[in-house]
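When we follow the numbering used here, the leftmost residue of the sequence shown carries the number 4, and every step to the right adds one.
Do not take every clue at face value.
[Said to hold, decoys possible] Below 25 Å or equal to it, Euclidean Cα-Cα: the simulated DSS-like pairs (lysine-lysine) are: (1) Lys49 <-> Lys262; (2) Lys36 <-> Lys100; (3) Lys135 <-> Lys75.
Hints were generated in silico from the structure; no laboratory data involved. The structure presented is a predicted model; accordingly, all values stated were derived computationally and were not measured.
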Amino acid sequence: MVFEIVEEVNIQTNGFLKKLKTRFMISFLLFNKTEDERIYIINKEKINNLPVQENEFLSIQEEFEALNFPIKIKTDYKGHFIGIHDHETWLAEWDLKAEEVIEMHEDPERARSVKNKYFDVIKDENFFTKNKFKQPSWNIFFFNPPIDNVNLPDLGTILNWNIQAIGTIPCVGRTAILNPESKEIIISFDSTQKLSHNIIENLKSKIKADIRWDEQRVKLHTESHFDTVEKKVKKKTAYFQFMIKDIISYTEDVTITLKN
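The task is simple: from the sequences and hints, build the whole structure.
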């Protein structure tokens with residue numbers, strides 16, 4: 004299976020707008036299958052990234068991030084993420100490829116410094132996985148929420164969403180099937196969430212205006228388009244929005260489309 008992923012982030016503060024749009028392909032190849040688990044080999048091909056990184060550190064870091072693939076992951080039979088398959092072997096292979104990058108780099112000292120910092124992120128499987136799920140496409144790809152029981156209104160699904168440079172907020176919401184009689188059903192998730200304490204404290208240090216923090220909300224809407232005949236997801240989308248009037252506007256738009 005091959006998926007095209009488009010991520011778009013728009014951040015506006017004090018009248019200044021920053022846009023980042025990334026488009027890439029992800030392929031999933033079934034490596035092993037048991038009754039309860041699946042192991043997939045994931046590959047990634049970046050198509051474009053606008054704007055081009057001007058920061059040297061981030062540019063070099065991107066080179067090492069590209070070495071993450073191929074990577075094997077485990078899911079349950081429903082597609083829920085379990086973990087990285089044989090993380091130690093993957094890490095050793097990544098380290099060998101990283102050394103080759105350093106040897107060919109114009110500034111090997113600088114490259115090794117970046118490599119060592121990045122290695123600290125990926126050497127621990129749990130820490131590495133948490134960072135992966137801060138990426139919106141990874142987060143949405145493995146988000147398969149159960150359908151809510153309308154007779155139990157106190158229950159809700161939680162999807163953690165990472166706001167760049169601010170922090171992660173748990174978005175509690177409801178799921179529903181929008182068109183239950185269709186061949187391709189749409190499973191939606193909607194959340195309108197108050198800001199968590201850690202997000203508020205982080206923003207207070209950045210924004211000096213007088214703001215009623217208890218009234219601020221984030222909104223998150225996701226959709227999964229599932230073909231009931233072919234038994235596969237055809238498309239996933241997510242739209243995240245956080246705004247403080249006249250001060251900050253932050254949106255993320257993610258689209259994941261099955262190509263074959």
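Hint check:
1. Lys49 <-> Lys262: Holds, at about 15 Å.
2. Lys36 <-> Lys100: 28 Å, violated
3. Lys135 <-> Lys75: The hint holds at about 14 Å.
When each numbered hint is compared with the structure, a violation occurs for hint 2 only.
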